[in-house]
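2 protein chains.
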Amino acid sequence: MRILYHLPLSPYARKVRLVLAEKRLPFELRVEKVWDRRPEYLEMNPACTVPTLVDNNGLVVPDSNAICEYLDEAYPDTGLLGRTIADRVETRRLVAWFDQKFVAEVTRNLLWEKTMKQALRLGSPDGNALRAGYTNLKQHMLYIDWLAEHRKWLAGANLSLADFAAAAMLSSLDFIGDIDWSVAPAAKEWYARMKSRPSFRAVLADRVNGMAPPPHYADLDF
Amino acid sequence: MRILYHLPLSPYARKVRLVLAEKRLPFELRVEKVWDRRPEYLEMNPACTVPTLVDNNGLVVPDSNAICEYLDEAYPDTGLLGRTIADRVETRRLVAWFDQKFVAEVTRNLLWEKTMKQALRLGSPDGNALRAGYTNLKQHMLYIDWLAEHRKWLAGANLSLADFAAAAMLSSLDFIGDIDWSVAPAAKEWYARMKSRPSFRAVLADRVNGMAPPPHYADLDF
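Here the protein sequences come in this chain order: A and B. Heads up, the first sequence is in my numbering, so the first residue is 182 and it goes up one at a time. Heads up, the second sequence is in my numbering, so the first residue is 182 and it goes up one at a time.
Heads up, none of these hints are tricks.
No copy is singled out in the list; a pair is fine if it fits within one copy or between any two copies.
Using 27 Å as the maximum straight-line C-alpha spacing, the simulated BS3-like pairs for lysine-lysine come out as follows:
#, residue 1, residue 2
1, K204, K333
2, K369, K319
3, K319, K214
4, K282, K214
I should point out that these hints are in silico values taken from the structure, not numbers from a laboratory.
Please put together the full structure from these sequences, using the hints given.
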């Protein structure tokens, strides 16, 4: 059985869960507490990050980008990178935008400060980080709103990995109640379409010990 | 003419320069002072990072990972991702290792603190960052040494993008004299092989205003 090692709020793991579900590739989820640095896990993924995929053939694939590229090569039906070379450039540009820029400017300042840092007893959230995170989030929401207003899907005419990277990122922040959807109506309409996809169901059903998401989190007509 | 917007010490730009040269794709280098946030550049690359490639056909490709994936799709001769699916997984795992983990743990703490931060007048290098950077660099050198000892090239039997990602990263740190090659003899032997490649010549000829690299920097038998 295909196994995905993950943490419930990891946006990178969520992205891969969505991609696996879109490609109708069944998998078993296993929580990996990366901070325990389990020797067997380090052997599979020396960077000790989530997610790591172990495919049916036994191939171990660490890193969400390597996993998504692998899945598109190994299971090319429902290709998610784009048909033309130009589409693929735009998809990968936006995946990097969310996986790196959005994470550095928003996710690390909000999700990390509010959940992981406390869970690992590294102290309470840093006020400057939270302020920077909220300021940056507003700008990012406006950018997503602009993309959603001018294009059918974020990277263009077709649904792509860019939509799943963005939706995964936003879903983790939405879980902790940090997204103000009222400032970005086109982004909200796009996200409602994403949430309605069957691939999103499992992500919306996630519950993390001791934390309940806001009521609109799993509501498809939020 | 193909144009690559870059900064001389950007390891991401160096990686792309090496890849372009390996694929024998001629290009013109243009320095982009990203901190000026030039409107025409922001339009091409809203993340305002280097490198950005403008190919002969006019296609604009931002982000070093998107560029390298694009180049391997558009110019498949001298493929640098690997032949088998398993090879490609290992190449992409290591590219992510250097482009993200190494950057966060080493490059940001050393190269950023010592060059960019001062150039942008954001203050003098932070002692804690430097200490963390050197400690992490030692561990990373041992890992590269281990890879170089057990494999012909870093990702396995064939030269790949992993070698160029790693060599680009190390070359920027070597320019500022931060690499102690004596602790990692196998890594040093591998890096000497990389430096001897014709694609490396232009990178080794780089001079940055007011900064001279240590004598061994461009020496192929260092």
